[in-house]
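Residue numbers (the numbering used here), protein chains in the order written: chain A, 267 to 553; chain B, 267 to 553; chain C, 55 to 634; chain D, 55 to 634.
No wet-lab data here; the hints were simulated from the structure. Some hints could be false.
As the list claims (entries may be wrong) - Per the computed footprint, the stretches of chain A lying under chain C, defined by three or more beta-carbons under 8 Å from a beta-carbon of chain C, are:
hint, segment
1, 276-286
2, 360-368
3, 440-452
4, 494-508
5, 519-533
What the hints assert, rightly or not - With a cut-off of at most 16 Å between alpha-carbon atoms, the simulated EDC-like pairs for lysine to aspartate or glutamate come out as follows:
hint, chain 1, residue 1, chain 2, residue 2
6, A, 445, A, 551
7, D, 210, A, 543
8, B, 529, C, 485
9, D, 606, C, 571
10, C, 115, C, 295
11, D, 626, D, 485
12, D, 627, D, 602
13, D, 455, A, 276
14, D, 455, D, 485
15, C, 576, C, 617
16, C, 210, B, 524
17, B, 445, B, 524
18, C, 247, C, 295
19, C, 606, D, 498
20, C, 455, C, 440
21, B, 499, A, 302
22, C, 114, C, 152
23, A, 402, B, 551
24, C, 210, B, 553
25, C, 606, D, 485
26, D, 606, C, 473
We put the CB at the ideal spot given by N, CA and C, even for glycine.
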Amino acid sequence: MRDVSMYKVETKATWCPGCGDFAVLRGIQMALAALEINPNDVLVVSGIGCSSNLPGFLKSYGFHGIHGRAIPVATGAKLVNPDLNVIVAGGDGDGYGIGLNHWVHAMRRNFDITYIVMNNQIYGLTTGQASPTTEKGQRSKSTPAGVIELPINPISMALVTGSTFVARAFSGDADHLAKMVELGIKHKGFSLVDVLSPCVTYNKHNTYQWFRERIYRLEDNGHNTKNLDDAIKKSYEWDAKIPIGVFYETDRTTYEDEEPGLKRGPVVSQPLGISQELGKELLEEFE
Amino acid sequence: MRDVSMYKVETKATWCPGCGDFAVLRGIQMALAALEINPNDVLVVSGIGCSSNLPGFLKSYGFHGIHGRAIPVATGAKLVNPDLNVIVAGGDGDGYGIGLNHWVHAMRRNFDITYIVMNNQIYGLTTGQASPTTEKGQRSKSTPAGVIELPINPISMALVTGSTFVARAFSGDADHLAKMVELGIKHKGFSLVDVLSPCVTYNKHNTYQWFRERIYRLEDNGHNTKNLDDAIKKSYEWDAKIPIGVFYETDRTTYEDEEPGLKRGPVVSQPLGISQELGKELLEEFE
Amino acid sequence: MPKTEVVVRIAGAAGDGIASTGESFARVASRSGLHVFAYNSYQSVIRGGFVWLQVRAGDKKIYSQGDEPDFLIALNQDEASRHGPAMPSGSGIFYNSDKIKIDNSMVKERVKLYPLPIKDLSVKYGQNPVMQNTVALGALTKILMMNFDMVVSVIKDTFGDKNKAIVDANIGVAQAGYDYASSHWESINFSPKYDYDSRRPVLTGNQAISLGAAAAGCKFYSAYPMTPATSILHWMAAHSEKCGIVVKQMEDEISVLNMTIGAGFAGARAMCGTSGGGFALMTEAVGLAAITETPVVIVTSQRGGPSTGLPTKTEQGDLFQVLGASQGDYPKIVIAPSTVEDCFYATAEAFNLAERYQLPVILMSDLYLSEHMETVSNINFNVGIDRGLIATSNGNDGHFKRYAFTENGVSPRSLPGMEGLTHVAASDDHDETGALISDALTNEETRVRIMDKRMRKMQYALKELPPPKLLGPPDADITLVGWGSTYSVLRETADVLAKNGVTANHLQIRYIWPFHDEAVEKILSNAKRILDVEGNYSGQLAKLIRMETGIKIERKLLKYDGEPFYPNQVVKKAMEVAKA
Amino acid sequence: MPKTEVVVRIAGAAGDGIASTGESFARVASRSGLHVFAYNSYQSVIRGGFVWLQVRAGDKKIYSQGDEPDFLIALNQDEASRHGPAMPSGSGIFYNSDKIKIDNSMVKERVKLYPLPIKDLSVKYGQNPVMQNTVALGALTKILMMNFDMVVSVIKDTFGDKNKAIVDANIGVAQAGYDYASSHWESINFSPKYDYDSRRPVLTGNQAISLGAAAAGCKFYSAYPMTPATSILHWMAAHSEKCGIVVKQMEDEISVLNMTIGAGFAGARAMCGTSGGGFALMTEAVGLAAITETPVVIVTSQRGGPSTGLPTKTEQGDLFQVLGASQGDYPKIVIAPSTVEDCFYATAEAFNLAERYQLPVILMSDLYLSEHMETVSNINFNVGIDRGLIATSNGNDGHFKRYAFTENGVSPRSLPGMEGLTHVAASDDHDETGALISDALTNEETRVRIMDKRMRKMQYALKELPPPKLLGPPDADITLVGWGSTYSVLRETADVLAKNGVTANHLQIRYIWPFHDEAVEKILSNAKRILDVEGNYSGQLAKLIRMETGIKIERKLLKYDGEPFYPNQVVKKAMEVAKA
Ligand SMILES: Cc1ncc(C[n+]2csc(CCOP(=O)(O)OP(=O)(O)O)c2C)c(N)n1
Ligand SMILES: Cc1ncc(C[n+]2csc(CCOP(=O)(O)OP(=O)(O)O)c2C)c(N)n1
Ligand code: SF4
Ligand code: SF4
Ligand SMILES: [Mg+2]
Ligand SMILES: [Mg+2]
């Protein structure tokens, strides 16, 4: 166990007071401390959104890219340097909206990264439009008459697409949140931690209070995290009861472990260039 | 029942002899004939790929757009003219690769369109790279050592994302294929017909023969198309036995039926412009 | 002489309600018959940061937010300390004296302090922190000798019938501020021509774009939220049912433009909106609209780049992104409206051009133009609608030549649903009927003919589009050159220069593409001294002008710090150049 | 005088094995010591269509596929009828006389017919339809008096040790063709300097790019398949393990470039490749690379536009797409290699520039350059590697100034994993440490300084990059101007003109950005007559030249029918211009 202060920086988080994302920041710091991972060996990648500002508030390497494209950046870094602990942090709009395709494909590839989504069911930074997880009927600046589409269910999507670790946490339960992040980082393979992280400014429906009335922990419920069917069933629960905890975990060879280009170890540590002999051999194919 | 020749054009399909896509073209023509839909009232939209050339070989309105973006074009047309019968036709690369995000979001929105994917588990037009549905281990020009990621399972993704009609067909069973397309078009809401449509040139693994050895019809099996859990379970079947037929069908209000902008009917038939009175009213908000 | 113009700055943090207070003041001024111009400087953060809004109001047309303020309303200590010391002599500062400490040592000489004991004044009406804004608003209107009835009417209209308690509370605190000011301070010598019968709408550029679209019969709007285009989406969504417009927020900007193309293809007048990063994602489909000859209108409102850059700051840095959008050569029209009023008309015009030439029309705005508020005098919803060539059945079912080779490159189009006019619009190149020439039917000659056909539209469009005119005396000492939102500050500059004995004229490039090379060359080669004024690093318009006319503009005033130009800054530079 | 150069055209349908037959002939010629240049004209269809490949071989450097062929190998009746009648007097046509009917009435005078009874000749070796190609190849080598051993060695190397039966069958049919020719026809008077000890590699531009990347230490390559860039992906994937390169086909081009940026940020030399439509999708991330100062190399190989356009045809139509990519002003380097050999070196150079200046470097190729085959004489894998500034720990943990303001704009960078040098790279604008200035810490002054810092890289890069030199006599009658793949045909044109008594020189623009304005202006203002030769509709390079130098090139030869320039065509236009 390291001291959490190792992972702190001077820059103050600019989130609104009460924003759920503070708990996520703290959860990541606690998880890293618990796992004794050196800040130098961590790369936190994000897109754009209130939530995506997170890397700037944390001591580690960070890449705060463009909206929706955190996962490709993160997996590019991971593929050339698998020794890095790569965490992706972002919002529901960023990840389940514009960036959903990358998320889906990363899950089936089983890159060994941890994806933490601060799911506030709203577009925060752009001042309150419906997001892909906004509930049907909710009014927002872009849906003044109410949303008329079903929300994305990130848990069930992750389950059927091949994510090898699928969990949900809640910003109102900070220690549990930290634990989920810790398990996600420890898991070898793609791990999703969907965090219900209230936007106190723009989402007046899915509030801390609203969640508190519904949330329960899967682990208190004897849920079997090895059974995909059970996990899928649990993933549908929402209106009356909302489960948090690990839905599912399984073992599958990671992408990096099978990648032919990594047979000799991380490519960032390999010498550059081509020997004259290898060069000759390569050219001979064309003669 | 109309004459299938109504839906034919002079332009010859340019697919390789034996390509599965011929059966899909014929299936669409048969379905339209059976449903007695006038060619003028059909819009077939596609992206880019061998399969996406389909609109050019069929008598109807067509839009052969850019790679991966058929669904947005189709839903744009549908939203302004819900009277059109809108069919989207394309490939696995087009729809489950670059275009997957649009597909997922269209399903949860439940636009009333029919999406036919000619799934040959390969990138045909670009001469044989792995596609999102290429099986693990398969060699291709881009994966000479074999694919190292799990394929997308379009059926289970559609099921958990809210597609209200989910079916699979096989180009080697043309009449059944036509029936699936017909049911898909008849269904009010988003319908997916994933067609196993062999690429005889580049996919030497998933051949007609390979499928024939495995394929069975769900309807011969007493499958209940109203049960989501059963459908999801069936969706996992692949290696030994491969089901075709309707996996799931359900009723849900379509997007168009709830869209506030369509309250007065198709917007393409509405008069253009703003009366001076309405204009005054709109301006008053700013005074 | 009494002042006839006043500049008020409100400064605080995000979440302090600055924008709505500014808007209220603007509407009060407008309902008093004044012209108004307001600009809000804010950051990409939802709470906190340093936000300030500057409103300028007077009885003549106002061209910018002005330079130094006459009044500051400071909403917190930070902002008081940041803006206070820079306030010019003769100005005044309103502030909540319960929370903010200012004394005369902190400000210049002759700066008047207006401490407001907010708690006392608002205690009766509840403890809402934004009450301080309304108190200050009340006090300010008193100092400006405005009619308090207008404050009441604006508050009523803002909160509506449903919120009687809120309306009453707001009127109460405003009145308290007004009364406190009246019993403690003198009004200033401000007497513009008030006129309580004329009320001009106070519009932002985006609101004008939205209204222009509605006027032109826009039936479809799609967007993915992105500053500074988002408020178009908000207006459209709010007026969807009323105006019969299908409004769709999509999953990304790629789907936005493709969907808009689908709507345009199906026969609806269709528009979408975004900013630079979203436009980058749209670029592929811009070429699709062009090759399928589908009419669409795309609004892109620029902000500070590169990349996410300064997402809430203004810039005119995307000219080459728009000109270079998508691979290959293809026809498109690019218009840069110059004022809020022009946003309305340019948008309506864009729809006509898109349908007449069957191509994408791109409207380039920027944060400053899209988001600043202005009183607008002349909005006429009767904009004239020209849908271009629509085919009628030729009885030749299945052989419709959608892309018939014509003199001006425009071919009659059919819309899905029309009898006997089926055809396929393809992104692969094709012949007159739409059949692909990229595959087995390859044909070099047809390729050249179809390219030439498409590109001919540009020659004809150029003939139709009015060439730029020089504003001001033709033989002026200096010619100011700009595009888009700098129009206003250049107009103002020319006026100020005239007062300083320097004659200036002004060349505004409104049609960015096709480019009026001959007209511009003629104007500029007759200019005595030229100053190019642009909100970007590299002088993008100047580059375009050189590309099209060969004329190199040596003197440039370029700004890329995120803030708009201020009149003084432009005047100073223009004087330098004029005297060089 | 005997011919020392021969042009062979093979024509058939997609799926007929034309490309591999062409390649075999090219390799036979190369192993005989000849120089070769081959171009394949095909369509976007997997089977059928009209495909033809033209190989030109001779004992001097060959600059193009040549004009009229000396020999046609017609693989089906359609192609025989299409190409046969145009064959010039003195040429010959090989064809399968079992299936194809040609007689003398169908061809010009003195066109020799070489009917091959394929069934008889190949019956021993099975009924594979592509056997006809190999029979023809055998016959052709006899007519050209080539050494049959080279045919044997190429067949062996092509099919490898594992396929002895196939190797034997192919050698058998080739021999049958050779023998049949020898007993039925005369050889032609073709005697270049054969040299069976020298064998130059026969490379396409894409293969040279791949080798150049490997030589430069590329450790990461990502792509989404897109003609004409796909063959880079194929080479990379096939050599991933051997060369230690991580190769990833992604779900789209957006993820491709973002992933490449991630790899570059993590410290690998990283590249990606695409064509115009894919590049459009990448544009947003080009700006991201620039503002985060992440080195990446992007290859974009142009094809016929707009939109999907002519996906298997060549064009140089994306210059402004690349220049205008992404919003705002930011530093980038754009290189247009001119030959296959230059593809190798320009790619290696791109990696050095990307790391030295910490920015995106874009290599612009086109289908013609990427896909045509050429013998290359001079490939040296020792390309020199310069990784630019890498930080070492400053003992000041957490306060690393990743974006320190420096003289030339380049700041030492740290790589994830390095001790004590953590920082966040952000797409929002930021200060020296990387802290955002788009939010609460807004700062106009810092914004200007960081913009200036980034843009200074361009001034320094321009100083480093060698300015273009005029090739040929400085006082020539005509100056040919071009970029990219037209280099070769312009070289050839200059030679032909010289033979016709017209002196020509040649200005090749290799660095598209930053642009060597002074050097180009100097060269062009001294030119007598200028002819701009480009493969696009609008003369994009000419526009760029005018934008940067003010010089308007009045005479242009523009081609946008999908096919490359042919020497005759350029020579004809150049003669016209030179004599005007
Ligand atoms: C290409 C692009 N489109 C749009 C935007 C504008 N934008 C910034 S943040 C955001 C949504 C943020 O929502 P989410 O990811 O849920 O984050 P939150 O602010 O709610 O934490 C959008 C649409 C952008 N930056 N880039
Ligand atoms: C943006 C973009 N990227 C890449 C391509 C190249 N491309 C054309 S078709 C295709 C894949 C086709 O695969 P699929 O959709 O499965 O269709 P199939 O040919 O197998 O029927 C690709 C990658 C393109 N046209 N546009
Ligand atoms: S707007 Fe919402 S998500 Fe953004 S910082 Fe505030 S509370 Fe958090
Ligand atoms: S390449 Fe494959 S998918 Fe394409 S036409 Fe041929 S068989 Fe069909
Ligand atoms: Mg959110
Ligand atoms: Mg496919």
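Going through the hints against the structure:
{"no.": "1", "hint": "276-286", "in the structure": "holds (count 4)"}
{"no.": "2", "hint": "360-368", "in the structure": "holds (count 3)"}
{"no.": "3", "hint": "440-452", "in the structure": "violated (count 0)"}
{"no.": "4", "hint": "494-508", "in the structure": "violated (count 0)"}
{"no.": "5", "hint": "519-533", "in the structure": "violated (count 0)"}
{"no.": "6", "hint": "A:445 to A:551", "in the structure": "54 Å, violated"}
{"no.": "7", "hint": "D:210 to A:543", "in the structure": "23 Å, violated"}
{"no.": "8", "hint": "B:529 to C:485", "in the structure": "39 Å, violated"}
{"no.": "9", "hint": "D:606 to C:571", "in the structure": "13 Å, holds"}
{"no.": "10", "hint": "C:115 to C:295", "in the structure": "35 Å, violated"}
{"no.": "11", "hint": "D:626 to D:485", "in the structure": "57 Å, violated"}
{"no.": "12", "hint": "D:627 to D:602", "in the structure": "26 Å, violated"}
{"no.": "13", "hint": "D:455 to A:276", "in the structure": "14 Å, holds"}
{"no.": "14", "hint": "D:455 to D:485", "in the structure": "9 Å, holds"}
{"no.": "15", "hint": "C:576 to C:617", "in the structure": "33 Å, violated"}
{"no.": "16", "hint": "C:210 to B:524", "in the structure": "33 Å, violated"}
{"no.": "17", "hint": "B:445 to B:524", "in the structure": "29 Å, violated"}
{"no.": "18", "hint": "C:247 to C:295", "in the structure": "40 Å, violated"}
{"no.": "19", "hint": "C:606 to D:498", "in the structure": "29 Å, violated"}
{"no.": "20", "hint": "C:455 to C:440", "in the structure": "22 Å, violated"}
{"no.": "21", "hint": "B:499 to A:302", "in the structure": "41 Å, violated"}
{"no.": "22", "hint": "C:114 to C:152", "in the structure": "37 Å, violated"}
{"no.": "23", "hint": "A:402 to B:551", "in the structure": "29 Å, violated"}
{"no.": "24", "hint": "C:210 to B:553", "in the structure": "12 Å, holds"}
{"no.": "25", "hint": "C:606 to D:485", "in the structure": "34 Å, violated"}
{"no.": "26", "hint": "D:606 to C:473", "in the structure": "50 Å, violated"}
In this structure, the hints that do not hold are numbers 3, 4, 5, 6, 7, 8, 10, 11, 12, 15, 16, 17, 18, 19, 20, 21, 22, 23, 25 and 26, in rising order.
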